[in-house]
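Put chain L on the given structure of chain D with help from the hints.
As a plain string of letters, each chain reads:
Protein chains: 2
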Amino acid sequence: MKFRVTGTDPNSQARTGVLETPHGQIQTPVFMPVATAGAVKTLAPWELSEVGAEIILGNTYHLHLRPGAELIAKRGGYSQWTRWGGPVLTDSGGYQAYSLGATRAKSAKTTNDGVRFYSHIDGSKHEFTPESVLDIQDKLGSDIVMPLDDCPPIEASRKRVESAVIRTREWATRSIEHWQKNSYGADGRALFGIVQGGLFEDLRQQSLRDIQDLPFDGIAVGGVAIASEGKEKINKAVEYVAASLDPSRPHYLMGVGYPDDIVRMVAQGFDMFDCVLPTRLARHGVFWTTNLRQHNLMNAQFKHDATPLDPECRCRICQTFTREYLRHLYATGETLAGRALSFHNLSVTLRLMERLRESISRGTLTTDFAPYL
Amino acid sequence: MKFRVTGTDPNSQARTGVLETPHGQIQTPVFMPVATAGAVKTLAPWELSEVGAEIILGNTYHLHLRPGAELIAKRGGYSQWTRWGGPVLTDSGGYQAYSLGATRAKSAKTTNDGVRFYSHIDGSKHEFTPESVLDIQDKLGSDIVMPLDDCPPIEASRKRVESAVIRTREWATRSIEHWQKNSYGADGRALFGIVQGGLFEDLRQQSLRDIQDLPFDGIAVGGVAIASEGKEKINKAVEYVAASLDPSRPHYLMGVGYPDDIVRMVAQGFDMFDCVLPTRLARHGVFWTTNLRQHNLMNAQFKHDATPLDPECRCRICQTFTREYLRHLYATGETLAGRALSFHNLSVTLRLMERLRESISRGTLTTDFAPYL
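Chains as they are written, first to last, in numbering that gives the first Met the number 0: chain D, 0 to 372; chain L, 0 to 372.
Just chain D, with the same shape it has in the complex:
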């Protein structure tokens, strides 16, 4: 994989860049919609192109269990199997294996060798190792591959986080060895390293050194997924490492986030983001607007409101439907509502990324986005 920085903001750590992958180029900073089980929920691939997505995420745990990496490999990889056609990043599946991979009787277990888990679908026994998750992602045909890491809850004790940092380093080393031995990167695919360390400054910095010492193509910061954590904790965990990130490699903040989080983290030098929120909130009747505010469609004020979701938005949904009509669909249980809001929220998010790139290019990020920084 090739990454080049194409511009830097004079008043922050923000930069623009271009990532080259086997399935095409990506402009950074980039937001990656999440397609857990083979689709960005409710949306068709042509709609992902229409909202401006350049790369989507796939989930190794879910795809490994169903339909299995062998079938996807036979069909030319995840991008071809889903008909998305563009670049794909897959996570290692480790987090889901640990959190979902249990039956009533048996829970998942992390050892030094990997994660042993039980399918949440049929209870069958599986194991993810640093090596096996790379083999699986190779079959998935991922453009950007994530290694197995040990990701404790952000509230975990210092002792637990210490051991996670050590194990993450050991697994990272095994990942690099396996990656190189199999020449998985020969066709331009990338392997990123993941920084852990919870909320402990020294452990975050230790983990960052561990990961950056290895020849990973990019640096990811894990353990801060917005879905479960507060802004202050993200800020802290990120602050501990942001200034020391290797500027020559892309920086990926995993699982973040809300539009205003993205703005703040772009200013800290992050290039890549993913989050289920734009589509998950949409299915719960929540929509975002260009001014980075969040609204609930069921709010009574929208009951008789014939304006678009977001008067500043040019997406197909805002050019077509009214708030009151979409609210009616949501209230009556029509899934078209969640679909429309998913499309719109992704449009707002991807348009935000475009605006951020434009501001960085102009060198005006900190003034253009002052209210959010």
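None of these hints come from the bench; they were simulated from the model. Since the structure is predicted, the reported quantities are computational estimates derived from the model, not experimental observations. Be careful, since some hints might not be right.
No copy is singled out in the list; a pair is fine if it fits within one copy or between any two copies.
[Unchecked claim] Straight-line distance between alpha carbons at most 16 angstroms, and here's what the computed EDC-like set of lysine to aspartate or glutamate pairs gives: (1) 73 - 323; (2) 230 - 169; (3) 302 - 69; (4) 73 - 304; (5) 230 - 154; (6) 1 - 19.
Just chain L, lined up with the frame of chain D:
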């Protein structure tokens, strides 16, 4: 409303025609997708155009309760409110008022004056009369309006069906009077009459005479909805009236049906059909093919099947996705599956209508569709 027959099949009662409505022309025989609460389930209006829909159905009961006809009138009518933009037929809501309009304590009641019912949403008391349902449909801006009728279950006793036929005639007379008094048809909107009579030949014929004696713009046959009835019963009920239908008016078979039912009923002289099946079955993983066969996506044979749902179909879904991929989406609970199958099933149905029109025009209906007649 203007209706003209443009072609007749030499070997059956089938004909082609053109219906002119305030929102545009409709080619018959026509299939009308059902948009119960404001949307054809899972689909956007531009997709209805893409599958070839020329008119959709709205449900007066549901729209009366939510969001209310007043709001829809203020927004320019149902076609504009939903952004469909094309012609709309609305039912009277009587059937839903009777079947859904009850609380735990109070049930709906039909009297000579109309149907008194209770909202299934908030228990509020409402009444539909032959006059009020026309006023509501006027506010909805419907192109084709259906009158209140008394629609007993097809298994009802002769006595019950006799009284339904009488009441339907009385309500039909009141409907015509109210329609004319208010000049509701002045701008080209149509009022259809509904024939009842259950499975009794003489009562069907009586009801047909009652309805055709009145100046309705079209003749509908009710009480045979495919969703609840078997083919033999539909055949019988329709046979009793088909030969005596006034050829100068359009013939609408309400709630039918499966593709093969449609073929048979087009040959009996019916011009208009509606049914929830293409989209309801789709949401349950069932798809149709051009050869008029029905398939269940969860069938094991589709697990490793990289062909389209229907190799003969040119719809966007069949040009994009494979059976195995859509099966995977359905198995993992992704609503994109139901959406894709809805689009496809409607494509198959509307393409069938096109093929039927072509065959009638050529005079080859009975040979082209011999296996289904």
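So, going through the hints one by one against the coordinates:
For the identical chains of this complex, residue 73 and residue 323 are inter-copy neighbours only, at 12 angstroms across copies versus 46 angstroms inside a copy, given an alpha-carbon limit of 16 angstroms. Proximity of residue 230 and residue 169 under a CA criterion of 16 angstroms is satisfied in neither setting, with 30 angstroms inside one chain copy and 68 angstroms between copies. Taking the shortest alpha-carbon separations for residue 302 and residue 69, only the inter-copy value of 13 angstroms comes in at or below 16 angstroms, while the best intra-copy value is 49 angstroms. In this homomeric assembly, residue 73 and residue 304 come within 16 angstroms of each other (Cα to Cα) only across copies, at 12 angstroms, whereas the closest approach inside a single copy is 50 angstroms.
In this assembly of identical chains, the alpha carbons of residue 230 and residue 154 lie at most 16 angstroms apart only when taken from the same copy (14 angstroms versus 63 angstroms across copies). Proximity of residue 1 and residue 19 under a CA criterion of 16 angstroms is satisfied intra-copy only: 5 angstroms inside one chain copy versus 61 angstroms between copies.
Consistency with the previously given hints fails for number 2 only.
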